[in-house]
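Undergrad: Below are the chains, spelled out letter by letter.
Protein chains: 2
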Amino acid sequence: MVSADDAVKFIHPGDTVAISGFASAGTPKDTIPALAARIGQVRAAGTDFAINLLTGASVSTDTERLLAEVDGIALRMPYQSEPTARGRINSGTMDYVDIHLSHVAQQVWLGYYGKVDIAIVEVSGITESGELIPSASVGNNKTWLDVAEKVILEVNSGIPSHIEGMHDIYYGTALPPNRKPIMITKVDDRIGQPTFRVDPDKVVAVVRTHSPDAGSPVTAPDAVSQAIADHVLDFFAHEVKAGRLPADTLLPLQAGIGNVANAVLGGLDHGGYRGLSCYTEVIQDGMLHLIKEGIVTHASTTALALSDAGFEDLQANIDFYHSRIILRPQEISNHPEVVRRLGLIAMNGMLEADIYGNVNSTHIMGTKIMNGIGGSGDFARNGFVSIFLSPSTARGGAISAIVPMVPHVDHTEHDVQVIVTEQGLADLRSLSPRKRARAMIDKCAHPDYRDALDDYFLRAQAATGAGQTPHLLGETFAFHQRYLETGSMK
Amino acid sequence: MVSADDAVKFIHPGDTVAISGFASAGTPKDTIPALAARIGQVRAAGTDFAINLLTGASVSTDTERLLAEVDGIALRMPYQSEPTARGRINSGTMDYVDIHLSHVAQQVWLGYYGKVDIAIVEVSGITESGELIPSASVGNNKTWLDVAEKVILEVNSGIPSHIEGMHDIYYGTALPPNRKPIMITKVDDRIGQPTFRVDPDKVVAVVRTHSPDAGSPVTAPDAVSQAIADHVLDFFAHEVKAGRLPADTLLPLQAGIGNVANAVLGGLDHGGYRGLSCYTEVIQDGMLHLIKEGIVTHASTTALALSDAGFEDLQANIDFYHSRIILRPQEISNHPEVVRRLGLIAMNGMLEADIYGNVNSTHIMGTKIMNGIGGSGDFARNGFVSIFLSPSTARGGAISAIVPMVPHVDHTEHDVQVIVTEQGLADLRSLSPRKRARAMIDKCAHPDYRDALDDYFLRAQAATGAGQTPHLLGETFAFHQRYLETGSMK
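From first to last, the protein sequence lines stand for chains W and Z.
Just so you know, we're using the numbering used here here: the first sequence kicks off at 20 and counts up by one.
Just so you know, we're using the numbering used here here: the second sequence kicks off at 20 and counts up by one.
Hints should not be assumed to be uniformly reliable.
It does not matter which identical chain is used: a pair holds within one copy or between any two.
Below, simulated BS3-like cross-link-like pairs (lysine-lysine); rule was C-alpha separation at most 30 Å, straight line [as the list claims (entries may be wrong)]:
| no. | residue 1 | residue 2 |
| --- | --- | --- |
| 1 | Lys169 | Lys260 |
| 2 | Lys134 | Lys199 |
| 3 | Lys260 | Lys134 |
| 4 | Lys199 | Lys260 |
| 5 | Lys509 | Lys462 |
| 6 | Lys509 | Lys134 |
| 7 | Lys260 | Lys205 |
| 8 | Lys134 | Lys462 |
| 9 | Lys221 | Lys260 |
| 10 | Lys28 | Lys134 |
| 11 | Lys454 | Lys134 |
| 12 | Lys205 | Lys221 |
| 13 | Lys260 | Lys311 |
| 14 | Lys221 | Lys199 |
Quick caveat, the hints were computed from the structure, so don't treat them as lab data.
Since the model is a prediction, treat every value here as computed from it, not as a measurement.
If we strip away everything but chain W, and leave its shape as in the complex, we get (with noise of 0.2 Å):
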């Protein structure tokens, strides 16, 4: 039992730190900070001293801020999304690998990012027979304590403590040729143990602290999302005329974050459905609403991302919630065997869509990182049906979010079937390119952009005799290039 200024000391310049965090909830709360003081003191000294850093996803936005700030962070897997190590990223001074969340567990096992030095582990308890209670998040927790060298553990009282048995984590993964099937066919099948194990002997410090974890704000759904919303709703409503989802239940859903999101979720409030399911990685406040209405019988996920009102609610009726809500290892909530057997509806947001279907969920201009992919390509790959979600402009509409060619493809035409913006829904599925590009222009994009699109599409076909994916290879990203040149896609 140490303080967490003393813990640090086991952190050496080089080292690859594997931390607890997977989005609001789970980072470590001491222990981070303690590590960017120490980073800044070594370096105020004249001392290089940066990690290479691996999470869940995003961590906490100070965990983030912090080692950024003082240039600790030498590489970032596999999702960030704070404004400071952003810009260190966009200028050339922290790499960044951007990978499904799905791989990550495997490609750490398989020593792609070398062995790695130290986890630090934010968990709720320990037991007697010395097993871990894991937090709000799981993420790549088990994955963390299996794979370092050492470990830190930071043992938070702030955590409802009654949070203990809802998490399900499963010991049954392996590397191939070992691997066997995983055996969950409902969202609320239960495979493994509710605690993490660990080798005591690697437990090199455990820090004790008392804080929650910093609410993740709720917004309500603005007039744009909401039309958005509502589309998606209608759409839900056509599968199940069209016999391709059941009438009660739908399939199980999976939904990004963000306040689309949410609106998607607050419609269901109001679409007569009961007995739904969610398969997803992070579950906000609107989540506990829909169960609480029954409206939603069961939610899987990796981590909690409520708000302080939400932690309360959960707090105050977790006997409710507890069969309700299952906690999963990010590389079962996320797993491609998982959410093909399951058969999700994957709901994300973009940044921008081309014509033809193709989807930017990372990029500015091409260029600049913004987030990640997280595992908006788990979920839409091999996914029952993959929907994207964006207004159809940004920044008061200088921007375009469907575009002739996005400059940066995350999801391909092959993963993507329905886009959606609060101008409508195109649906891509069974078309050609050429007829996705009429569906697209038509439906999702803005009207102040509908003539530009329809004429780059029109010339595009004329110039190259039609062709699959009609493009005028030098004007593909007039709309961007104007962008930067002018504060307007216009």
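Let chain W serve as the given structure and place chain Z on it in line with the hints.
TA: Okay, now just chain Z, sitting in the frame of chain W:
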């Protein structure tokens, strides 16, 4: 029992026709030429006649050509590789929908392409109880027989009769929420039955033929293919040394069709390997040789695209091959669950890659389709390691296979791990995009193009203040534009 000419009278303009065939194996031999002739006659008489054509993958060249020549195909799905059809697609007279081969069965079950009016399926025989013995490819035949309203069977006595029993037709797939784990944990696990089922009431015609599959020619590897293969074999040795691949058996191999894949398989002959296995979608002659030598113990596929000599070998040694080769439906040979679990070494060709590791498998100069994505995405995305292979130049050096940005993305930076040309191998794993660019230019690009790529990369960094993925939006496709204007990227 009717003639092919009579059988095709069941096919009407606007019908969706699902036929057997995967690569050169298993296309109906007589019915399709009869259908093409009928369409030609009806059209000559002034009536419009076109069908929607669904297949396994490519079908025999004649099939695709004859139907395209009479403008008999309105919509084509999921893969084609024949020049006449390609011309119709690129001139805008044929719709082509390019989807992952593993997605075909479920999308058709869900009705994305409307109802399937008629299936035309080649079989090698009919059992006494009325079940169907598959021929040299399985493809989507199980699905076609299940979903089609009418069925035409072509019973081909030209297929080696002892092929019976080599097939493993799995009837356990379902639509969610009723999906169960697919219990394959080894390449040679059998989970199905040797025959197809068909509702006899749906069978409107049986056509008898005696026509072997047109042999799929094999060419000896040239120096470039051999150099690529050597780099791949070095990589295997490197991965074995790093403890990531089992020394003798590696992990199951998947290889696309063509010279380069053949060279890699040929190279395994001299690598000291024993007890390898393959889990792939097409087997060519080289695989028979490896099996005969004991280098490969078991091979799973959905098609046997053999040369005439290969079929003779199969026939002559059928007792030996019978237990060593398994033919599965393509929804299983390419299934994400199985691909991930077995941990495939995915090796696929490409048209071009960009310096950041995005791969174009399908589009010439961004607009015109070449073939289709086929199964490459199924294997690359969920496999153990995804390797893409290509000569560093095409058309006598006028085209560089390594470019600043690919004008069409079929495999994103998140799904591409290793790129190989005859120049060398770029191991992109764990590298940020800027470091990937260094590896791609130094290891994979042809020396004639290295300076131009370097120049682009350096100027892009300078202009954007580094950035995660530096690009100059005004000249991303300068290589391609130069080729279109001058006939050379130089």
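Undergrad: Look at each hint and say if it fits the structure.
TA: Hints, one by one, checked against the model:
no.	hint	result
1	Lys169 - Lys260	between (55 Å within a copy, 25 Å between copies)
2	Lys134 - Lys199	within (25 Å within a copy, 37 Å between copies)
3	Lys260 - Lys134	between (52 Å within a copy, 16 Å between copies)
4	Lys199 - Lys260	between (37 Å within a copy, 25 Å between copies)
5	Lys509 - Lys462	within (19 Å within a copy, 41 Å between copies)
6	Lys509 - Lys134	neither (50 Å within a copy, 43 Å between copies)
7	Lys260 - Lys205	within (24 Å within a copy, 40 Å between copies)
8	Lys134 - Lys462	between (49 Å within a copy, 26 Å between copies)
9	Lys221 - Lys260	between (56 Å within a copy, 27 Å between copies)
10	Lys28 - Lys134	within (19 Å within a copy, 67 Å between copies)
11	Lys454 - Lys134	between (49 Å within a copy, 20 Å between copies)
12	Lys205 - Lys221	neither (36 Å within a copy, 35 Å between copies)
13	Lys260 - Lys311	within (27 Å within a copy, 54 Å between copies)
14	Lys221 - Lys199	within (28 Å within a copy, 39 Å between copies)
Of the numbered hints stated above, those contradicted by the structure are hints 6, 12, listed in ascending order.
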